[in-house]
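Asks: Chain residues, written in single-letter form:
Number of protein chains: 2
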Amino acid sequence: MMKKLIPNKQIVLNHYVTGYPKESDFGLRSSTTSCTLSHGSTSSAVLLKNLYLSCDPYMRHRMSDHISHSCTIVQSFTSGSVLVGYGVSKVIESTYPSFKEGDFVWGMIGWEEYTLITTPDSLNKINFTDVPLSYYAGILGMPGIAAYAGFHKICYPKEGDCVYVSSASGGVGQLVGQFAKLMGCYVVGSASTKEKVDLLKHKMGFDEAFNYKEEHDLGSALRRYFPQGIDIYFDNVGGHMLDEVILHMKVHGRIALCGMISQYNIEKPEGVHNMFSLIMKRIEMKGFVENDFGHVYPELVELCIKYLQEGKLVYVEDIAQGLENAPSALVGIFYGRNVGKQVVCIAKE
Amino acid sequence: MMKKLIPNKQIVLNHYVTGYPKESDFGLRSSTTSCTLSHGSTSSAVLLKNLYLSCDPYMRHRMSDHISHSCTIVQSFTSGSVLVGYGVSKVIESTYPSFKEGDFVWGMIGWEEYTLITTPDSLNKINFTDVPLSYYAGILGMPGIAAYAGFHKICYPKEGDCVYVSSASGGVGQLVGQFAKLMGCYVVGSASTKEKVDLLKHKMGFDEAFNYKEEHDLGSALRRYFPQGIDIYFDNVGGHMLDEVILHMKVHGRIALCGMISQYNIEKPEGVHNMFSLIMKRIEMKGFVENDFGHVYPELVELCIKYLQEGKLVYVEDIAQGLENAPSALVGIFYGRNVGKQVVCIAKE
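Chain order of the listed sequences is A and B. For what it's worth, UniProt numbering labels the leading residue of the first sequence as 1, then goes sequentially. For what it's worth, UniProt numbering labels the leading residue of the second sequence as 1, then goes sequentially.
Same shape as in the complex, but just chain A (with noise of 0.2 Å):
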């Protein structure tokens, strides 16, 4: 049995937040870190140098302190704790017979620079590392399996199918327009910068997108780039987005819930007046959680990196530098200043 104590610097929660998250909200922490592996006993665990962190918008749910609509599949952070999130580390260390040291794995880590995971089949090897490391903090981690399954499997795309993504440049977004792309759909995307318009039209191949922010009148908006309506709509925001694409469905479409990032930080989610629509039009709508896909996993690596090595497929990514900036990128999400799909590195191999 080793004893070990490991100088660990921490992104913690100070306090529960209210309305849009702030970097005061966070602090570093200089920890030390007490882990003991016992080799041969029946507990496995696993020491994790982390090199990626992921930024999510479901993030913002677990800084609150409940978590309105009880559900189960996420839960608060604890205030004064670590943060917790998806990223792709380094084994340094391991008694799971699974993992090695120099593995590389993806999966829930600590926002700090190590963690000794106890549940190591919560974890993810990573077997291909032609691709930047970071993939799978995105295309190669949820954030791929959330465009996937919830387009693939939620959607029931055709070719030909008119396809809208908001948030579309975002870590799901950018992906859910490419595969619909390459499935022969027609794809217009939204995003709330001149920039992002400008990368979703020449760099991810999507055929129309605009500034949501610069319409005045979303209607307008929907009518110019969809005027026979939308077969799929993939919601990344929510709210009075989600209500006015509801008037902008064709007959039979589908609507698949990915996220609603408009809503979170806002004390009363906004009113979705048109449901009568869902009915006239034969609408279905559906929630759903990348968790519960992880069987279309495989199919998703293989599919995406094929595709990325035959250069049909880009992912975008933005990614700050330092643990110590990892707040200021995480708050940045929520106004739109990532543009891609952020990330933060916390350290090179």
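Hints in this document: simulated from the structure, not taken from any laboratory. Every clue listed holds true.
No copy is singled out in the list; a pair is fine if it fits within one copy or between any two copies.
No more than 27 Å apart at the CA atoms, straight line, and that leaves these computed lysine-lysine pairs for BS3-like:
| id | residue 1 | residue 2 |
| --- | --- | --- |
| 1 | Lys250 | Lys268 |
| 2 | Lys306 | Lys125 |
| 3 | Lys153 | Lys250 |
| 4 | Lys213 | Lys181 |
Dock chain B against the given chain A, drawing on the hints supplied.
Replies: Positioned in the frame of chain A, the structure of chain B alone reads:
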């Protein structure tokens, strides 16, 4: 060629309706119907003597001069013209090979004593007459298809599911609850009077029922009857009820949107605020209309007639007598005055 002039009393829409419909929105007109049935010509027609009219909530939309949320499934009535709706009739003359004098049919007819149908393939022949003919305006007509398809094809029910039905004693709701009981589900319905609640519990076999008007806190009522949550919500009312029910759904629950009668007479529909729960609970919400499910009609008829004969299914009707009382019956359904499926008998065979 015969030329006929038939005295024909008709119910007309006096003017388009705002808010709740009133009896004065409708008029009784003594008219004469001129009909010419050309035997041997290429065009076929059927002259019907109308027996039963069905009063259905969706008709409210047709009373408005513009139907909000552009859709192709229903059109506005023509102001000053005769109302149209589902009904049961007897063929008194026919140049259409499939129907002969004396046949009974159901389908879209005028709110009048006699209707000349020039597109007779839209009518359904009634082959089984050992049940009240009025059933073809209810359990064996459109409401039956809505209940059967909506429950079995939209909700994916399975034995033991916890099922909630709103507007549960109406023409559709009472069937949904009984179909669910026949599958071995736990079924709770809500209605607007004690009389209806008693019917649900003691005649229609619901496990539980409650008067939503007597519940100050809908959430408490739902928690009382569904301590573990709801698997299936069959929504006939929309609005605030739908918003509240979402909070009480189980993970992977299903919501069939059949109608939203609470919203039809108000200017701006109530907002549904709890949409984010659809994601956290991975809920599928699907709008449907019975028009898409004509193909289930044969199995519906076979099943219902069998269960009716075996006494395993009941169908409660509220039958108004006389065409002149049709407007009052129609208006009444928007105030919940009907007890059971509202039909109007305008003639015996």
